[in-house]
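> For reference, the chains in residue letters:
Number of protein chains: 2
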Amino acid sequence: MAFVETLTITDVASGLSDRRTGLLRLMGLAREDRVTDLAITYKDRLTRFGFGYLEQFFTGYGVRIHIVDGQEDKKSLQQELVDDLISIVTSFSGKLYGLRSHGKARELVSAVKGVVSDAGELPDQGS
Amino acid sequence: MAFVETLTITDVASGLSDRRTGLLRLMGLAREDRVTDLAITYKDRLTRFGFGYLEQFFTGYGVRIHIVDGQEDKKSLQQELVDDLISIVTSFSGKLYGLRSHGKARELVSAVKGVVSDAGELPDQGS
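These protein sequences, in sequence, are chains A and B.
So that you can map any letter, position 126 of the first sequence is 128 in my numbering, and since no number is skipped, the others follow by simple counting.
So that you can map any letter, position 110 of the second sequence is 112 in my numbering, and since no number is skipped, the others follow by simple counting.
If a hint is listed, it holds; no wrong ones were tucked in.
Label-pair ranges, simulated between beta-carbon atoms:
#1 Gly116(A) / His104(B): 14 to 24 Å
#2 Arg47(B) / Gln81(A): 28 to 38 Å
#3 Lys97(B) / Leu31(A): 26 to 36 Å
#4 Asp39(A) / Lys76(B): 37 to 47 Å
#5 Lys97(B) / Glu57(A): 12 to 22 Å
#6 Arg108(B) / Thr38(A): 43 to 53 Å
#7 Asp35(B) / Gly105(A): 46 to 56 Å
Hints in this document: simulated from the structure, not taken from any laboratory.
Remember, it's a predicted structure, so these values are computed and weren't measured experimentally.
Note that CB positions come from ideal geometry on N, CA and C, so glycine has one too.
This is chain A alone, in the form it adopts within the complex (with noise of 0.2 Å):
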């Protein structure tokens, strides 16, 4: 592929976030008409949840995507998946047990934590 044109766009924010300021500024080039591909360098960091959704949204003004998803970079993305998940147990766990119940929220937190502290010794999963 070559492209006339290139416009690099970065957040510095998890894929959990629906609400990301380069993203939104993508959707709405999307809906001017202004972008005709979008390469995603890790589907993961686009989005980590409702990759259907954006798919559904760009196709439907014409943008392609292409996924590049290097092999570079394992154990930052590793670290990502698990601060994402506890940032999900975390908020599930609120809305689990609500304010009436801390403590069962942070006993639900603590175990996620116990197991996927050792995150840093996780096996290279590059191969």
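Fit chain B to the supplied structure of chain A, relying on the hints for placement.
Using the frame of chain A, we list chain B on its own:
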């Protein structure tokens, strides 16, 4: 609000899935300009994550979203929350530990199940 024509679309699937038949149909109708307003009984059932993406999608086609969020049926909403949490933890475990450490993945899932297994005894959070 009064609507001239209404259509009820129901999905029997978790709000985690971004490829539900009913939702895809609804997105198709929006794209064809055949929907003006969307009333959702429970926001989390429309989607557990990425509501912002759907909002961008639907407003892009001029569809207004109304969230009803009733108070009934709290018990099964809680159960869905537990089910979705377990699905997520299972999926993340697989990604984190892969095929090389089934044991570790199982450990993570059972840690979560152990804490949430008494979901049936969750306090009523309707008030």
